[in-house]
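Participant: Let chain A serve as the given structure and place chains B, C and D with the ligands on it in line with the hints.
There are 4 protein chains.
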Amino acid sequence: MLKILFIGDIEGRPGRKAVKACLPSLIESEELDLVVANGENAAGGFGITLDIAKELLACGIDVITMGNHTWDNRDIYNVLEHEPRVIRPANYPKGTPGQGYYLAETDKGVLVGVVNMLGQVFLEPLRCPFETADEIVTNLRRKTDLVLLDMHAEATSEKIALGWYLDGRVSAVLGTHTHVTTADERILPQGTGYITDVGMTGPINSVLGINSELVITKFKTKRPVRFEVAEGPVAFNAVLLEVDEFGRTTQIKRIRQDLEN
Amino acid sequence: MLKILFIGDIEGRPGRKAVKACLPSLIESEELDLVVANGENAAGGFGITLDIAKELLACGIDVITMGNHTWDNRDIYNVLEHEPRVIRPANYPKGTPGQGYYLAETDKGVLVGVVNMLGQVFLEPLRCPFETADEIVTNLRRKTDLVLLDMHAEATSEKIALGWYLDGRVSAVLGTHTHVTTADERILPQGTGYITDVGMTGPINSVLGINSELVITKFKTKRPVRFEVAEGPVAFNAVLLEVDEFGRTTQIKRIRQDLEN
Amino acid sequence: MLKILFIGDIEGRPGRKAVKACLPSLIESEELDLVVANGENAAGGFGITLDIAKELLACGIDVITMGNHTWDNRDIYNVLEHEPRVIRPANYPKGTPGQGYYLAETDKGVLVGVVNMLGQVFLEPLRCPFETADEIVTNLRRKTDLVLLDMHAEATSEKIALGWYLDGRVSAVLGTHTHVTTADERILPQGTGYITDVGMTGPINSVLGINSELVITKFKTKRPVRFEVAEGPVAFNAVLLEVDEFGRTTQIKRIRQDLEN
Amino acid sequence: MLKILFIGDIEGRPGRKAVKACLPSLIESEELDLVVANGENAAGGFGITLDIAKELLACGIDVITMGNHTWDNRDIYNVLEHEPRVIRPANYPKGTPGQGYYLAETDKGVLVGVVNMLGQVFLEPLRCPFETADEIVTNLRRKTDLVLLDMHAEATSEKIALGWYLDGRVSAVLGTHTHVTTADERILPQGTGYITDVGMTGPINSVLGINSELVITKFKTKRPVRFEVAEGPVAFNAVLLEVDEFGRTTQIKRIRQDLEN
Ligand SMILES: [Fe+2]
Ligand SMILES: [Fe+2]
Ligand SMILES: [Fe+2]
Ligand SMILES: [Fe+2]
Ligand SMILES: [Fe+2]
Ligand SMILES: [Fe+2]
Ligand SMILES: [Fe+2]
Ligand SMILES: [Fe+2]
Numbered sequence: 001m002l003k004i005l006f007i008g009d010i011e012g013r014p015g016r017k018a019v020k021a022c023l024p025s026l027i028e029s030e031e032l033d034l035v036v037a038n039g040e041n042a043a044g045g046f047g048i049t050l051d052i053a054k055e056l057l058a059c060g061i062d063v064i065t066m067g068n069h070t071w072d073n074r075d076i077y078n079v080l081e082h083e084p085r086v087i088r089p090a091n092y093p094k095g096t097p098g099q100g101y102y103l104a105e106t107d108k109g110v111l112v113g114v115v116n117m118l119g120q121v122f123l124e125p126l127r128c129p130f131e132t133a134d135e136i137v138t139n140l141r142r143k144t145d146l147v148l149l150d151m152h153a154e155a156t157s158e159k160i161a162l163g164w165y166l167d168g169r170v171s172a173v174l175g176t177h178t179h180v181t182t183a184d185e186r187i188l189p190q191g192t193g194y195i196t197d198v199g200m201t202g203p204i205n206s207v208l209g210i211n212s213e214l215v216i217t218k219f220k221t222k223r224p225v226r227f228e229v230a231e232g233p234v235a236f237n238a239v240l241l242e243v244d245e246f247g248r249t250t251q252i253k254r255i256r257q258d259l260e261n
Numbered sequence: 001m002l003k004i005l006f007i008g009d010i011e012g013r014p015g016r017k018a019v020k021a022c023l024p025s026l027i028e029s030e031e032l033d034l035v036v037a038n039g040e041n042a043a044g045g046f047g048i049t050l051d052i053a054k055e056l057l058a059c060g061i062d063v064i065t066m067g068n069h070t071w072d073n074r075d076i077y078n079v080l081e082h083e084p085r086v087i088r089p090a091n092y093p094k095g096t097p098g099q100g101y102y103l104a105e106t107d108k109g110v111l112v113g114v115v116n117m118l119g120q121v122f123l124e125p126l127r128c129p130f131e132t133a134d135e136i137v138t139n140l141r142r143k144t145d146l147v148l149l150d151m152h153a154e155a156t157s158e159k160i161a162l163g164w165y166l167d168g169r170v171s172a173v174l175g176t177h178t179h180v181t182t183a184d185e186r187i188l189p190q191g192t193g194y195i196t197d198v199g200m201t202g203p204i205n206s207v208l209g210i211n212s213e214l215v216i217t218k219f220k221t222k223r224p225v226r227f228e229v230a231e232g233p234v235a236f237n238a239v240l241l242e243v244d245e246f247g248r249t250t251q252i253k254r255i256r257q258d259l260e261n
Numbered sequence: 001m002l003k004i005l006f007i008g009d010i011e012g013r014p015g016r017k018a019v020k021a022c023l024p025s026l027i028e029s030e031e032l033d034l035v036v037a038n039g040e041n042a043a044g045g046f047g048i049t050l051d052i053a054k055e056l057l058a059c060g061i062d063v064i065t066m067g068n069h070t071w072d073n074r075d076i077y078n079v080l081e082h083e084p085r086v087i088r089p090a091n092y093p094k095g096t097p098g099q100g101y102y103l104a105e106t107d108k109g110v111l112v113g114v115v116n117m118l119g120q121v122f123l124e125p126l127r128c129p130f131e132t133a134d135e136i137v138t139n140l141r142r143k144t145d146l147v148l149l150d151m152h153a154e155a156t157s158e159k160i161a162l163g164w165y166l167d168g169r170v171s172a173v174l175g176t177h178t179h180v181t182t183a184d185e186r187i188l189p190q191g192t193g194y195i196t197d198v199g200m201t202g203p204i205n206s207v208l209g210i211n212s213e214l215v216i217t218k219f220k221t222k223r224p225v226r227f228e229v230a231e232g233p234v235a236f237n238a239v240l241l242e243v244d245e246f247g248r249t250t251q252i253k254r255i256r257q258d259l260e261n
Numbered sequence: 001m002l003k004i005l006f007i008g009d010i011e012g013r014p015g016r017k018a019v020k021a022c023l024p025s026l027i028e029s030e031e032l033d034l035v036v037a038n039g040e041n042a043a044g045g046f047g048i049t050l051d052i053a054k055e056l057l058a059c060g061i062d063v064i065t066m067g068n069h070t071w072d073n074r075d076i077y078n079v080l081e082h083e084p085r086v087i088r089p090a091n092y093p094k095g096t097p098g099q100g101y102y103l104a105e106t107d108k109g110v111l112v113g114v115v116n117m118l119g120q121v122f123l124e125p126l127r128c129p130f131e132t133a134d135e136i137v138t139n140l141r142r143k144t145d146l147v148l149l150d151m152h153a154e155a156t157s158e159k160i161a162l163g164w165y166l167d168g169r170v171s172a173v174l175g176t177h178t179h180v181t182t183a184d185e186r187i188l189p190q191g192t193g194y195i196t197d198v199g200m201t202g203p204i205n206s207v208l209g210i211n212s213e214l215v216i217t218k219f220k221t222k223r224p225v226r227f228e229v230a231e232g233p234v235a236f237n238a239v240l241l242e243v244d245e246f247g248r249t250t251q252i253k254r255i256r257q258d259l260e261n
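Chains as they are written, first to last, in UniProt numbering: chain A, 1 to 261; chain B, 1 to 261; chain C, 1 to 261; chain D, 1 to 261.
Do not take every clue at face value.
Restricting the straight-line Cα-Cα distance to at most 25 Å, the calculated cross-link-like pairs of lysine-lysine (DSS-like) are [claimed, not checked]:
id	chain 1	residue 1	chain 2	residue 2
1	D	K94	C	K222
2	A	K222	A	K143
3	C	K94	D	K222
4	D	K222	B	K222
5	A	K94	C	K94
6	C	K218	B	K94
7	D	K143	D	K94
8	C	K220	A	K222
9	A	K222	B	K222
10	C	K220	C	K3
11	A	K220	B	K94
12	C	K17	C	K54
13	C	K94	A	K220
14	C	K253	D	K253
15	D	K222	A	K94
16	A	K94	B	K94
17	A	K108	A	K20
18	A	K218	A	K253
19	D	K108	D	K54
20	B	K222	D	K218
21	B	K253	B	K3
22	A	K20	A	K54
23	D	K94	A	K222
24	B	K218	C	K94
I should point out that these hints are in silico values taken from the structure, not numbers from a laboratory.
Next comes chain A alone, as it looks inside the complex (with noise of 0.2 Å):
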């Protein structure tokens, strides 16, 4: 049995706070098997540098997924050629730099497989993450049974379908990209543990980790605003898995821990 945590989207310094704070007592605590995190919003809310991911590779994160946020921040190519345990969205065309998925190796020496998906409902044209999930699950399942898969997606309904489809094939589909935790968790009939989002590891009093005010005025102007990460206390929201050796979920619990800041 393996134990797994899977936290969600890192919002800028406060949720890198939050991360460095709240994991490495979880790892050990919770003896943890394996750490996946969204990093997306990593740097200053708009993507992640090589040396954010360092950084939260450090803490004790094994594998970083992204999203629709992947290229905010030029040093994305960067980060893609040197660090493989961050992935992008699979369901980038062929030639897209770096890879949609990575094969984590626990210290007792399971595999696991980690899949980066974006939804096409709301966001942009990419390959259909059904199509796409078929070929790369097909893949991973033959190197280890264990395959967690990060459908970060705006629509509920395109994340629940994909949860439905993979039932069975992967241990578990995770939502990551609204920001806000769902109270859905459950293990489907085919051992899949689900969720449609793990919602943001960031400050509490705020729009989706922005500064409220800023969010309002855009809003209400419908003219451009800069967005600044919020300030004020921390949530670090994750999802904690409990896997067994033929790839299926037999737990999962919502956590979440408060800091001030």
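Facilitator: Below, chains B, C and D with the ligands without anything else, positioned relative to chain A:
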């Protein structure tokens, strides 16, 4: 102190059955003063009819809100003409049939304003929800300090921003439309109860209430598919609010009850 | 040298009447070798039926292309099964009924490939039109140097970009879907004929073929309105191409004929 | 009788050069009474600056309209504060800097109202263009019978519908934004001149004024690409209107002049 229950999008016949099974006993056990429900999917997933509205009101629901599916069933024109307790999003253009708010009176004689709003992001370009809320809330507050707003929207950012915007001016901003309950219920600093989505009252093994196979087929083929409400067990999803005499929420709690069908 | 006529979106009965009235004499006077027409709106504005396809082919049309309205009329499955001269966008997923191209043979025995493509911008997230065109054009060019592509798309940027992308590889990229003829017909440097939109063959006093009052009502009320094809005078809109033996367009000319209805 | 020239989206330096090269002689030869131009792309393709606005006004342009790129260059706040002849879309929320219309006076002392409007379809959820036009046109008609409206919009349906809606109430509805001239210029039954798009004044060998390779790369890779205005020959695209004393358009003619760069 008032106890108010808000039920999330009631999906078709299974959703209505769940309301009938759960609501009467909740009204009694919780001593509810007011029940509001989103009914945009009550008629086979698409809109509402006058008969169905009456059926739901007879269960103990006091006010029914709608959303982007308001006009799916043409009987809505009949409903809005004859049943003021059914409201449609307030930000439709002036001259739209029906009303965007309803002033309910509890058995104890307390007035509670209920407002329905539709988000602009990824939905219809109706009037600005922020501007429309300013107007309606100001008007309702002349009559009562207790105002609930159903923010029916896709984007988490728009819902959360409206929550912060109205904090201290309404008793609660309750999100609907994504059909997935979020775990972010809270009381904002000025006393406004908030949740990004109350979640659907409908079939558990489904995609937003619809048969999963049909939705997957649509996503994979990109062709039109006739949707049907799913079968099997059903969840009743609601939020229970306690609101004080000044209109401030003092407690907000998610309620979920599962039923075999 | 081949003379090819491409007719823009044929809108309902008025559009079909215009084809019957204008096409036979054009075939004769211009000594046309091939006629292609977009038929996605041929059946009352929404899709096509087998009877209507036969009716149009009987007028002298050799190949019928479709678009985002392909699946509006369920008889399309019948059409695609029995009439290979009707093609649907080539970038639908593998396994989609019908074909995305057709290899026509003129009376003089010249092969002409006709490809149908749907834009991704503001439409469906089908396969990338650029990537799909690469594949299909490469295949067709093994059989003939004459290839026409109907780029059915909303965004002018996507249509023009595909024109430049295929310049020298196809005989012409002809845009459809916006129902408004553009005045930018030209021959690109490597010999590809190009126009952003051929324009609709349908009622002149209308909004894209639909009764104007109905469309205005929809825009003003933001509520569903049942659309009906407009009445009154009709325009026949087409583009006349001259293509040399190497598949290069040597002339491109807009043709418009107005008819009282 | 008044002669009015309306110039389509001026794209960067090449577009401004074309204005300087073509406009002065047109003003003289055609004895123009008024010149209006869309300037949303005048500053390197993205917005406008006060210097560039002055440069264009010095060429003989009387009124500059904007569009969805209004706020791209932050100098726009400066422009709108100091130069009332530059207007932004009228359907931005109340309180937006600048004005949505300008009342120009010709040398002969005739007042001409110029209105700028942004479409809602595929763009921003601003105020309804139909409702906003009702208000502004009614106000302007108290002062003059001559009113021009720049409908800056993506969807042909929205532009055409607004044309029909305002027929007889304004002198002309002139479309901008798609950067491709349409061939549907006409005078509607009640005397309103109409064209779906005037087309861009900018580089001919480009995608909407931008270097084609860059745009193709963006469409193929689905990743951000830094856009640059294209080089090479330039087209000056405009529409020439003759408007009678009652504000009715009696003639509408497309004008295109090509220049080597
Ligand atoms: Fe995201
Ligand atoms: Fe994110
Ligand atoms: Fe719903
Ligand atoms: Fe909804
Ligand atoms: Fe069409
Ligand atoms: Fe179309
Ligand atoms: Fe524009
Ligand atoms: Fe433009």
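Participant: If a hint holds in the structure, say so; if it doesn't, say that too.
Facilitator: So, going through the hints one by one against the coordinates:
1. K94/D x K222/C: holds, 21 Å
2. K222/A x K143/A: violated, 50 Å
3. K94/C x K222/D: It holds: about 21 Å lies between the C-alpha atoms, which stays within 25 Å.
4. K222/D x K222/B: holds, 20 Å
5. K94/A x K94/C: holds, 17 Å
6. K218/C x K94/B: Holds, because 14 Å separates the two Cα atoms, which is no more than 25 Å.
7. K143/D x K94/D: holds, 22 Å
8. K220/C x K222/A: Holds, at roughly 20 Å.
9. K222/A x K222/B: At roughly 32 Å apart (the allowed maximum being 25 Å), K222/B and K222/A break the hint.
10. K220/C x K3/C: violated, 45 Å
11. K220/A x K94/B: holds, 20 Å
12. K17/C x K54/C: With Cα atoms ~14 Å apart, K17/C and K54/C stay inside 25 Å; holds.
13. K94/C x K220/A: violated, 44 Å
14. K253/C x K253/D: holds, 19 Å
15. K222/D x K94/A: holds, 11 Å
16. K94/A x K94/B: violated, 50 Å
17. K108/A x K20/A: holds, 24 Å
18. K218/A x K253/A: violated, 35 Å
19. K108/D x K54/D: Distance ~23 Å between K108/D and K54/D Cα, so the pair holds.
20. K222/B x K218/D: holds, 23 Å
21. K253/B x K3/B: holds, 11 Å
22. K20/A x K54/A: The hint holds at about 13 Å.
23. K94/D x K222/A: holds, 11 Å
24. K218/B x K94/C: holds, 14 Å
Hint compliance for this structure: hints 2, 9, 10, 13, 16 and 18 are not met, and every other hint is.
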